[in-house]
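Undergrad: As you go down the protein sequences, you meet chains A and B in turn.
Note that the first sequence covers residues 1 to 109 in the working numbering.
Note that the second sequence covers residues 1 to 116 in the working numbering.
Among the hints, a few may not be true.
[Claimed, not checked] Restricting the straight-line Cα-Cα distance to at most 20 Å, the calculated cross-link-like pairs of lysine to aspartate or glutamate (DMTMM-like) are:
id, chain 1, residue 1, chain 2, residue 2
1, A, Lys-52, B, Glu-104
2, B, Lys-57, B, Asp-73
3, A, Lys-96, B, Glu-109
4, A, Lys-96, B, Glu-79
5, A, Lys-96, B, Glu-59
6, A, Lys-96, B, Glu-104
7, A, Lys-3, B, Glu-104
8, A, Lys-96, B, Asp-62
9, B, Lys-11, B, Glu-109
10, A, Lys-96, B, Asp-73
11, A, Lys-3, B, Asp-54
Read the hints as simulated data drawn from the structure, not as lab findings.
Residue-level listing of the chains:
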Amino acid sequence: DAKTTQPPSMDCAEGRAANLPCNHSTISGNEYVYWYRQIHSQGPQYIIHGLKNNETNEMASLIITEDRKSSTLILPHATLRDTAVYYCIVRVAGQKLVFGQGTRLTINP
Amino acid sequence: DAEITQSPRHKITETGRQVTLACHQTWNHNNMFWYRQDLGHGLRLIHYSYGVQDTNKGEVSDGYSVSRSNTEDLPLTLESAASSQTSVYFCASSNKPGQPLTGELFFGEGSRLTVL
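Construct all of the structure, not just a fragment, from the sequences and the given hints.
TA: This is how it looks when you write it as structure tokens:
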């Protein structure tokens, strides 16, 4: 599985867009980019994933660069409940997930 | 509603005892996974299974075993519990047979194990 690099922590004001970056320069052609988050001590929660195109769902948007070496997760209107650790993972669909350290996102009132 | 459940949610045991953590999912998922989470290490993969009778070692499998005798269950056994195995354990599942592969794993609520 390709390695990912994320900033250890970020802050964002409530109501603003939170943009979480992820570098995955060694990603291969059949590997997807996945984002999960973990709120406090709960089990991780799936957010979104993509291969080449940008993706959007009810939770977030995923922007993948044309060369696929980096991506950004966007939470358009962050709330206090979005405070969590966010994990960027690259892997072949259906295969095991290997988690890194993630980004601890704090939403401030 | 379909779900994934772990039991027990909390357990305290003594060094050297055998412990089994249960994981049960009702989605008919092919794939099941066990992770442990410790401060400073994030989530680490212990064992995983892609179907009945299939099991594979993850990155931290020493001291743990799993068996997959049916689709719904993947119990995790600590043969001889050690203090280093004090952790929070998460089970996850994914992929219904016959459906396109996706990346979405569904996680249980976790089992907190303390080995004294």
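Undergrad: The structure should be examined with respect to each hint, and the outcome stated for every one.
TA: Taking the hints in turn, this is what the structure says about them:
{"no.": "1", "hint": "Lys-52(A) with Glu-104(B)", "verdict": "holds (17 Å)"}
{"no.": "2", "hint": "Lys-57(B) with Asp-73(B)", "verdict": "holds (17 Å)"}
{"no.": "3", "hint": "Lys-96(A) with Glu-109(B)", "verdict": "holds (19 Å)"}
{"no.": "4", "hint": "Lys-96(A) with Glu-79(B)", "verdict": "violated (24 Å)"}
{"no.": "5", "hint": "Lys-96(A) with Glu-59(B)", "verdict": "holds (11 Å)"}
{"no.": "6", "hint": "Lys-96(A) with Glu-104(B)", "verdict": "holds (11 Å)"}
{"no.": "7", "hint": "Lys-3(A) with Glu-104(B)", "verdict": "holds (19 Å)"}
{"no.": "8", "hint": "Lys-96(A) with Asp-62(B)", "verdict": "holds (18 Å)"}
{"no.": "9", "hint": "Lys-11(B) with Glu-109(B)", "verdict": "holds (14 Å)"}
{"no.": "10", "hint": "Lys-96(A) with Asp-73(B)", "verdict": "holds (17 Å)"}
{"no.": "11", "hint": "Lys-3(A) with Asp-54(B)", "verdict": "violated (26 Å)"}
Violation of the numbered hints given earlier is confined to hints 4 and 11; the remaining hints are satisfied by the structure.
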